[in-house]
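Asks: Spelled out from the first residue to the last, the chains are:
There are 2 protein chains.
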Amino acid sequence: MDSSWQQIAADKKSHQLDSVPKEWISSAQSLPSEKTLNVIDFPQESNVLSALDREITESSVASLLSNLASSKWSSVQVTTSFYKRAIVAHQLTNCLTEIFVPRSLARARELDEYLEKTGTVVGALHGLPISLKDQISIKNIESTIGYVSWIGQFAKQNSVLVDILESLGAVPFVKTNVPQTLMWAETFNHVFGRTSNPYNRSLTSGGSSGGEGALIALKGSPLGVGSDIGGSIRIPAGYCGLYGFRPSYNRIPYAGCVNTMEGGDSILSVLGPLSNTLDGIKIFFKAVMSKEPWLKDPMVIRKRWSEEEYNLADHGNGKNLCFAIMWDNGVVVPDPPVRRGLEITKAALLAAGHRVIDWKPYKQAEITKNINDIWTAAAVEDFKRAAAPTGEPIITSMALQQDTEPLVFHPSDGGISAFELWQLQKKKRDLRQEHLNRWEETVNQTGTGRPVDAIICPMAPHTAPPHGLNKIPQYTLPWNLLDYPALIIPVSQVDQELDAKQPREDFYTADDRANYEQYDPATYENAPISIQVVGRTGEEEATIAMSEIIDQALKGAQSQP
Amino acid sequence: MDSSWQQIAADKKSHQLDSVPKEWISSAQSLPSEKTLNVIDFPQESNVLSALDREITESSVASLLSNLASSKWSSVQVTTSFYKRAIVAHQLTNCLTEIFVPRSLARARELDEYLEKTGTVVGALHGLPISLKDQISIKNIESTIGYVSWIGQFAKQNSVLVDILESLGAVPFVKTNVPQTLMWAETFNHVFGRTSNPYNRSLTSGGSSGGEGALIALKGSPLGVGSDIGGSIRIPAGYCGLYGFRPSYNRIPYAGCVNTMEGGDSILSVLGPLSNTLDGIKIFFKAVMSKEPWLKDPMVIRKRWSEEEYNLADHGNGKNLCFAIMWDNGVVVPDPPVRRGLEITKAALLAAGHRVIDWKPYKQAEITKNINDIWTAAAVEDFKRAAAPTGEPIITSMALQQDTEPLVFHPSDGGISAFELWQLQKKKRDLRQEHLNRWEETVNQTGTGRPVDAIICPMAPHTAPPHGLNKIPQYTLPWNLLDYPALIIPVSQVDQELDAKQPREDFYTADDRANYEQYDPATYENAPISIQVVGRTGEEEATIAMSEIIDQALKGAQSQP
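In the order they appear, the protein sequences are chains A and B.
Under the UniProt record's numbering, the first residue of the first sequence carries the number 1, and numbering increases by one thereafter.
Under the UniProt record's numbering, the first residue of the second sequence carries the number 1, and numbering increases by one thereafter.
Just chain A, same shape as in the assembly:
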């Protein structure tokens, strides 16, 4: 009762692997040394995994589901394979929070028995292990989200999404790490520590769904669920070379999740999938929709998966699309690898017969400021109250040495009045209207008779940066305010020659200069390069479909001589 917060945290952490069979845990000497930065291929070499484990964990979501449904692989087998690899991933990057092996395997066994007995699958995700960001509640399991003060709070019931995933036959099997407060684009907290990027462990895996990023990149999970209020799905997806999807507000049920800043009804956090393959994104979204989540979460929009919209009925049936690339946001110019990712994409789309025009950024800095102002209206009070019970400090920097300036939030900022908040929200409404008008007006530039079909832009001005150096996520935040669905597609990796630093003289802003000065391809060695595909509010189906077109174009271009 009177333990220090450090003691409570250490005690919790010391029991983290209690449910893991010893043979799944790699010995210290079998693991890469701390100096080995790139560990992305290590699990394939790990002797914890059998050949079958490797085959299974390298499979796409569609392939897994097919082999599960045909009983080629049992759910116990698939869950075990991913669990073993998840533990390896955790030892490499510290990506997990809650681990509950017996419970998951028992559920997998039930599913296997059901299939054997009835000859039919329980649902569209039958037998598939799924990882969940720590905040997604599973009955009788903790959701600390990195607050020492929340240790010991076991969920009284599943979140609605977990109920739905289980009804679809999925097997939740691990929960994943987050930053304290959830409001950082990196992943570090006093309970579970820091998550690293498996492509280069001196870099962040991003945040706040940073545990998901590292875990899935290492193929320790075929499909994970994160949340995104300012980039928290897209940033880990982008930094870790994954597909990650931020749907519009209120399509995936959020009810029953633990969260910070609850009651802030204006800029909504949303749940969404991360996966190594794009099929995982679509399968997840369509499956969840099939369960009529609006009957379980009052916030969810009553709208079924639309095959018509997926077939791009509003976008010329997917022929001769016109994409617009926002090369930079007018505030910070992206680093060479990020620019190269966009150039690769443009060339691939042109080669595939689509049009590509430029997107002129519109009030991006103002939008970013507005969203931050709305959050800081009451964030500090919220954080303080959450941390108060144990007296744990609120983290004000993600640096390795916790002594730098606060980044995203400034906990010294006081709160504002409800009236002042309303004025910010009114401003937000106007920004959304203006941006919508802007998009509609592009009908005059596309040559297709339609406005731009989707925007393509950077996910950040840099690839995954060193720990503590992630700035405000200004390339993801605006789409949260505008409520545009956005999907991350991996394109390449940092190349020391192709991405050499170029001389620059003129800078938009001090941040632009700082970002330029920070760039050195050696710092970012092996970091994944991604693009962000941005659709219009409510166009989840179309955004997935257009992302598939872009992904195919990229793959087609790569396969050219």
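Among these hints, one or two may not hold up.
Same chains, same names: a pair is fine if it fits in one copy or spans any two.
Stated by the list, open to error - No farther apart than 30 Å at their CA atoms in a straight line, the calculated lysine-lysine pairs in the BS3-like style are these:
id	residue 1	residue 2
1	13	369
2	384	471
3	286	139
4	471	501
5	363	291
6	346	426
7	369	156
Think of the hints as simulated: they come from the structure by calculation, not from any bench.
It should be emphasised that the depicted structure is a prediction, and the values quoted were computed from it without experimental measurement.
Given the coordinates of chain A, work out where chain B should sit on it, guided by the hints.
Replies: Below, chain B alone, put in the same frame as chain A:
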């Protein structure tokens, strides 16, 4: 410039009828005396109207559209007929704000010429005059919403809905009266004065869309648009014997309207239709949806009109529905006529082969308190700033003598912090979740295999009360917080014998006792009796369809011997 607010208001009011042809204005002696309370049938006798004017203004929306499309009646003719009757209605009840005859007739003429030339209608509402609550902006016309301080602010552009209505061929022809601040369930302001109920002018027409209520009841408009954040469409509809529909948040575009309490993103005001016939409600909603409003207003949900949902695919295709009647809310027991309206409905539904069970009210008082707390978070500051430029007082009572206690709002209440507001909004989320769970659980009581198809309940504990005596609208507010679509259906009128006062001893609350003591059928003579049909979030199509079923059952029962 230095005029007093009284002078500014009087000047505005003195020009209200400037654009009206003299022959449309009834002489004082031809109008009923002030002592004549029931004026509902007066327009039919008025010598301002021709026989054709009477025939046209007595027609249903469907019939008007059909006769407009076939060129039996021109839009100039139809608009003129309604305009003339609207002016009579205005002279009887003071229901109008902005009147712009030449502009509307010019538009009607354009539509007539288009039809003559092309043989086709402009859209689904071709030629139909539509009345608009004062806050719905029409380019170059004022939207004062009763603030003297806002006189002279001419709209720079149409609200999105007006653009859509015009593209559908509708003819906006008058704007209608509201209470200052819009946050009252009665209609009175310093600019335009008070609107009365045409069934009994000692009673209120309700509010805040109270001008619409009086105008449409007198058949001065076939279809009007109001707004509803706590009952502002349903209360005038119910008090004036109309159909009125509050859709869920963000289906009908609100962008570009003038409003109070802007930026309060939690409990949203919505626009919706009022009409003398239920066909008007469906025609309006379906027509607006057909114009893809999500491409014009960023808040609108991307969801087309669903014929499948209208056909009640989720409700057993409309056969053997199970309705649940909430006879009272556990706070204030409805007066005899209101109870009788529910009994008539129950009998009619049973006779039509549907099931009817009881709905146990759930936390109705707590829901009402939460919604009020959220509004008052910053309402007073909002109101004060709006009124400040001219120094006009904020109205704190709707009584004929402005000296009673404030009713809905307490302008003495101070604002709260953003953090406190978030806590209220978190509470709201929980209330919504609990209520959804409650509804789902009714699957065990219906005998249909489905949860209750719709709730039927009072719109208020009383019929239209005397001016100044409308209490907090506790029978409409909860559905705004829960975001349930709700449609008002007229059932009957107060009957001095059938609705005699009954002895009662026990009361839920002091409000319950006060309401009981206030009741006397003589006070409420001729007041319309209505019911409220409540669907589930996003079920606009199904709620309209079920209301049609209920309306048919009621009409079928009336036609029985």
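Asks: Now tell me if each hint is right for this structure.
Replies: Cross-check of the supplied hints:
no.: 1; hint: 13 - 369; in the structure: neither (37 Å within a copy, 43 Å between copies)
no.: 2; hint: 384 - 471; in the structure: within (23 Å within a copy, 40 Å between copies)
no.: 3; hint: 286 - 139; in the structure: within (24 Å within a copy, 43 Å between copies)
no.: 4; hint: 471 - 501; in the structure: within (20 Å within a copy, 70 Å between copies)
no.: 5; hint: 363 - 291; in the structure: between (38 Å within a copy, 28 Å between copies)
no.: 6; hint: 346 - 426; in the structure: neither (36 Å within a copy, 44 Å between copies)
no.: 7; hint: 369 - 156; in the structure: between (37 Å within a copy, 27 Å between copies)
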